[in-house]
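Chemist: All the letters of the sequence shown, read from the start, carry residue numbers 3 to 449 under our numbering.
Some hints here could point you the wrong way.
Said to hold, decoys possible - Below, in silico cross-link-like pairs of lysine to aspartate or glutamate (EDC-like), each with a Cα-Cα straight-line distance of 16 angstroms or less:
| id | residue 1 | residue 2 |
| --- | --- | --- |
| 1 | Lys64 | Asp95 |
| 2 | Lys197 | Asp223 |
| 3 | Lys151 | Asp223 |
| 4 | Lys64 | Glu45 |
| 5 | Lys372 | Glu405 |
| 6 | Lys332 | Glu37 |
| 7 | Lys190 | Asp179 |
| 8 | Lys71 | Asp95 |
| 9 | Lys421 | Glu404 |
| 10 | Lys381 | Glu391 |
| 11 | Lys199 | Glu230 |
| 12 | Lys400 | Glu416 |
| 13 | Lys357 | Asp272 |
| 14 | Lys151 | Glu196 |
| 15 | Lys372 | Glu404 |
| 16 | Lys332 | Glu374 |
| 17 | Lys421 | Glu374 |
| 18 | Lys33 | Glu142 |
| 19 | Lys341 | Asp274 |
| 20 | Lys33 | Asp128 |
Said to hold, decoys possible - Label-pair distances were calculated between CB atoms; the ranges are:
| id | residue 1 | residue 2 | range |
| --- | --- | --- | --- |
| 21 | Glu142 | Arg110 | 22 to 32 angstroms |
| 22 | Lys160 | His73 | 42 to 52 angstroms |
| 23 | Glu49 | Asp185 | 21 to 31 angstroms |
| 24 | Arg218 | Trp76 | 50 to 60 angstroms |
| 25 | Thr164 | Asp72 | 19 to 29 angstroms |
| 26 | Asp61 | Tyr109 | 16 to 26 angstroms |
| 27 | Val425 | Lys290 | 32 to 42 angstroms |
If you are wondering where the hints come from, they were derived from the structure by calculation, not from laboratory data.
No residue lacks a Cβ here, since even glycine has one placed at the ideal position from N, Cα and C.
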Amino acid sequence: RDCLLSRGLGDVYKRQVAFDLLDAAKGGRLKKLKEVNKREIVEGVTEEYMDRRLHILLDYVKEHSPYYKDHPEWMELQDFPVMTKGDFIENYDQVLVDNSKEQGNLYRLSTSGSTGTPFTVLCDGDKMSRVNMNFISCMELNGFRMGMKRGEFRAWIKGKNTISKWKSFKNNLIMVDISNMGDDSLDKICRDIEKQKIQVLVTYSSALTALTQYIRRTGRDISKWSVEMVFSMGEALPQETYDLTKELFGFSPVRSYGNNENGFIAIQLDEDPEYTIDLYNFYPEILKLDCDEPAEEGELGRIVVTDYYNKTFPMVRYDTGDTGIMRMYKDDKGRMHGKYVEIYGRRGSLMYNTKGEPLSIHVFMNTLLKFEGIVYQAKCIQWGEKDYELLVNADREKLDEEELLAAYRHYLGEDADIKTTYVDQIPIQASGKFMVCENKWDGRKQA
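Build out the structure end to end from the sequences listed, making use of the hints.
Modeler: Following this line, the structure appears as structure tokens:
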């Protein structure tokens, strides 16, 4: 213990001990849940487990949820409708189970509505514990230690999503506001990271891109920082930002995939370029972009998940709004594993080139990196098959517009019709995400 204290880990150690003691007093359930979650993510699950959990859930919703009660003929998962966020909102009271008022204290899992309508899912204490332990499991699999000080990057809005000083202390969490990502704000963020001795940065990809570019551009000295882990969430992390983060900090950032409604659905393990799906908590599907049929192996499709453990607001076949490619396989022990080979992001951000081929959000992030220090922000909007608009916030004296358009045409197609619109600011979404692309054409048809 003295050794730990001398290395500056005393607070982490004490918080870990406090967690273990409090959990042990309640039977040690959280620690057991966390360890099982970690094991099943790494080692996979049995087909019997997936089938059993799925049918327990389907039987439960047909008995307790008014929305599903009238359809006893729905026996297998494919019989159940695929539900978007809008579908759940429209049928909210019917999906909510009959005995929700008898479940004791209920918790709210809310999305900011950054890419659509705000949405709040209710859950009981068991599901909330699973969400929390799922998060800790994903972190610990990548080197996190319980009690490490986290800096959580988001647009913190007083009276809406900020947390109290007590909760901040209890969770060892520092609110890092990214409502503005200009140089003055980034300078303050850097000073706060050093002064507060933050050990883990939990950040959206776009914020991490802005931070690491700022550090490189200004030559910021981060040698005195206490950061030991960078956890990226939200939109896909471009390879250039991944590499730059590793260069600056001396370790690789962690990529993750999930949402506020369900928790973390998939996580990068070590430096595996694919995302390992949490088959312990979720049943994943990839469905075709234009219908509810399963996508072919290796085909880009809609990410749909069924949450096994929300017994208050059951989410069966939830269309997350994201797209990706998935592969499922058995290991030599007969256990199932799932991988998201690629996550393209939201369908509203799924862009197509002039040939109708889908483009990863990565290409738009990568294009911006080539104009660092000249283009402060840019957002590409698709209005038609070959019609695009480029919103640009840049130093116009230094910008070569033709060079910028050529960089975008490299991905969109040489016959792309791109209109340039100069703006003073492209707002960051309420959640802290910055959308580098938006499909107003194909996205409208799928809305």
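Chemist: Please work out if Lys381 and Glu391 have their alpha carbons no farther apart than 16 angstroms.
Modeler: It holds: about 8 angstroms lies between the C-alpha atoms, which stays within 16 angstroms.
Chemist: Would you check the hint for Lys33 and Asp128, treating anything up to 16 angstroms between C-alpha atoms as holding?
Modeler: Roughly 13 angstroms separates the two Cα atoms, so the pair holds.
Chemist: Check whether the Cα positions of Lys190 and Asp179 lie no farther apart than 16 angstroms.
Modeler: Measuring from Cα to Cα gives roughly 10 angstroms; hence the hint holds.
Chemist: Would you mind confirming whether the straight-line C-alpha gap from Lys421 to Glu374 stays at or under 16 angstroms?
Modeler: 21 angstroms, violated
Chemist: Given the proposed pairing of Lys71 with Asp95, does the C-alpha separation stay at or below 16 angstroms?
Modeler: 13 angstroms, holds
Chemist: Just to be careful, I want the Cα atoms of Lys332 and Glu374 compared with a cutoff of 16 angstroms; is the pair within it?
Modeler: 44 angstroms, violated
Chemist: So the hint says 22 to 32 angstroms: do the beta-carbon atoms of Glu142 and Arg110 match that?
Modeler: Holds - the Cβ-Cβ distance for Glu142 and Arg110, about 26 angstroms, lies within 22 to 32 angstroms.
Chemist: Can you confirm whether the C-alpha distance between Lys64 and Glu45 stays at or below 16 angstroms?
Modeler: Outside the cut-off at roughly 32 angstroms; violated.
Chemist: Check the hint pairing Lys400 with Glu416 against an upper bound of 16 angstroms on the C-alpha distance.
Modeler: 24 angstroms, violated
Chemist: What's the verdict on Lys341 and Asp274, does the C-alpha distance respect the 16 angstroms limit or exceed it?
Modeler: 10 angstroms, holds
Chemist: Quick one, are Lys357 and Asp272 close enough, alpha carbons at most 16 angstroms?
Modeler: The given pair, whose Cα atoms are some 36 angstroms apart, is violated under the 16 angstroms limit.
Chemist: Using the Cβ atoms, figure out if Lys160 sits within 42 to 52 angstroms of His73.
Modeler: 45 angstroms, holds
Going through the hint list in order, the structure does not satisfy hints 3, 4, 6, 12, 13, 16, 17, 23, 25.
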